[in-house]
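Assemble the whole structure, with the sequences as input and the hints as a guide.
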Amino acid sequence: MRRVFPHPYLSLTLVVLWFLLVNQWKLGSLVMAIILATIIPLLTSAWWPDRPRVKRPFALAAYALLVLWDVIVANFQVARIVLFMPRAKIQSAWITVPLDLKSPEAISLLAGTITMTPGTLTADTSACGRALLVHALHAPDPDAVRDDIKARYESRLQRIFE
Amino acid sequence: MTPVLDTALDLALSAVLVGGGIFALVGSYGLLRLPRPMQRLHAPTKATTIGVGAALLVSALDLLSQSQISWQELLITLFLLLTAPVSALFLAKTLILRGEADANLPDTGTGKPWATLAPEHSDP
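Residue numbers (this note's numbering), protein chains in the order written: chain A, 1123 to 1284; chain B, 3 to 126.
Just so you know, these hints were derived from the structure itself, not from any lab. Note that beta-carbon positions come from the ideal geometry of N, C-alpha and C, so glycine has one too. Careful, some of the hints might be misleading.
As the list claims (entries may be wrong) - A partial selection of chain B residues facing chain A, derived with a Cβ cut-off under 10 Å:
| # | residue |
| --- | --- |
| 1 | P87 |
| 2 | G101 |
| 3 | A103 |
| 4 | T118 |
Right under this line is the structure:
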């Protein structure tokens, strides 16, 4: 089983996604879904050798809701900066966020969260994967942004994945 | 549904649609207005998400009011949340590699360089 389905959760997700995509229940769709759920994980397993361990799936759902809310807030904040703040007053800053997270899946999720939420954007990781380079659109106090990212998102992800 | 409720729902949905459209416009306007390349990246990654999100929400709710359930809107939202950070990361890495982001990036604090600027094929 392990060799045919290297990522069972990914396979399951692909089946569900395919049915949502075709939007109807048919036997043909199920066959296609199973074909995709077998081929895609096999083809991509070279780049994803380990299985992610999600310790608290419900906390992950709560995290998704928190991020969704923050995305909405982020939109208002960025819109205000874009529309009303004089160009000279926009203080952009680079921020190094040292990581306590170790799981690659959790780090990817954190990087994605940073990009989608208030005025920050993940630009790079360090070569060893122990720090993220974050660009903030308007951050008069870069250290506060770093602490906020660590307290609001990283600590939650740590509880979910590690 | 009664005609009054129908009209009220239509008005509410239209308001969300127009609101989302304004955000999408602001995102594009940000591309024009913000002066530096890294700053310009911020506008489309965020303001556009809510623009598309609002359009999809209205589409799903409108179908729901005709007692049809459509899951594709949920999927588009999901794909958008997956792809927007990745494309933004690629653009940022390109800017860093071409030296258009900033000459003075902060230190990683780990003793290793940033991945984009690291010598090729170096093991992490």
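Tested hints:
no. : hint : in the structure
1   : P87  : holds, 4 Å
2   : G101 : violated, 13 Å
3   : A103 : holds, 7 Å
4   : T118 : holds, 5 Å
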